[in-house]
Amino acid sequence: AQRVTQPEKLLSVFKGAPVELKCNYSYSGSPELFWYVQYSRQRLQLLLRHISRESIKGFTADLNKGETSFHLKKPFAQEEDSAMYYCALSRMDSSYKLIFGSGTRLLVRP
Amino acid sequence: KAGVTQTPRYLIKTRGQQVTLSCSPISGHRSVSWYQQTPGQGLQFLFEYFSETQRNKGNFPGRFSGRQFSNSRSEMNVSTLELGDSALYLCASSSTGGSGELFFGEGSRLTVL
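Residue numbers (my numbering), protein chains in the order written: chain G, 1 to 110; chain Y, 1 to 113.
Just so you know, nobody snuck in bad clues.
As a list, the in silico SDA-like pairs of lysine to any residue whose alpha-carbon atoms are at most 20 Å apart: (1) G:K9 <-> Y:G42; (2) G:K73 <-> G:L46; (3) G:K9 <-> G:V108; (4) G:K65 <-> G:G29; (5) Y:K13 <-> Y:S86; (6) G:K9 <-> Y:G40; (7) Y:K57 <-> G:Y27; (8) G:K22 <-> G:T104; (9) G:K22 <-> Y:Q41; (10) G:K57 <-> G:L11; (11) G:K9 <-> Y:T38; (12) G:K57 <-> G:F14; (13) G:K9 <-> Y:Q44; (14) Y:K57 <-> G:E32; (15) G:K57 <-> Y:F103; (16) G:K15 <-> G:I56; (17) G:K9 <-> Y:P39; (18) Y:K57 <-> G:A1; (19) Y:K57 <-> G:R91; (20) G:K9 <-> Y:Q37; (21) G:K57 <-> Y:E101; (22) Y:K57 <-> G:Q2; (23) Y:K57 <-> G:R3; (24) G:K73 <-> G:V13; (25) G:K22 <-> Y:G42; (26) G:K9 <-> Y:Q41; (27) G:K73 <-> G:E20.
Since the hints were made in silico from the structure, they are not lab data. Bear in mind the structure is a predicted one, so any value in this text is a computation, not a measurement.
With the hints as extra help, turn the sequences into a complete structure.
Here is the structure:
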């Protein structure tokens, strides 16, 4: 069965510190991985997806198939990065659903 | 472009009642998905519709059902409500579903007493 694990419920860092939000998945096929973010009083929205291989708001994430991980990283955290982050997996055979992790709340302190 | 609109935003029901939630997708989007969000189980997939056809369904009892209309608007229904159905129900639309980006609504918060 497919599963997404985000081991940290809360990650607290100081402004300017590096951030790494962990995400591990279990799926035997070819997955597509996403990071969604929910800022305070806003809707859940896509932050980035692994196939795009792009950096959004300074965040990057690399799919490591060997370690079945898709960790989200940012070298210098900003206060506006404080939000709830969800890692999600979709099967490449287009199963038309996302499997979400339980989420990590990132708190960036001034 | 208007975002995904869900109605009602909040509602309170009692056990045994039924509820219907509505979702209007972004104009031009033909795929609508529904997710249940609870503190204990997180975000769980309910079902996905594309052009009025259900393409996938999550592991929820038959009391949870949905449909999509020709204008892509979607409704989900929960019958014989149980206390455990209290949750935030999120609707998301996309142009294709599958691995496409999902655009979420603000959700309908259901409380079952």
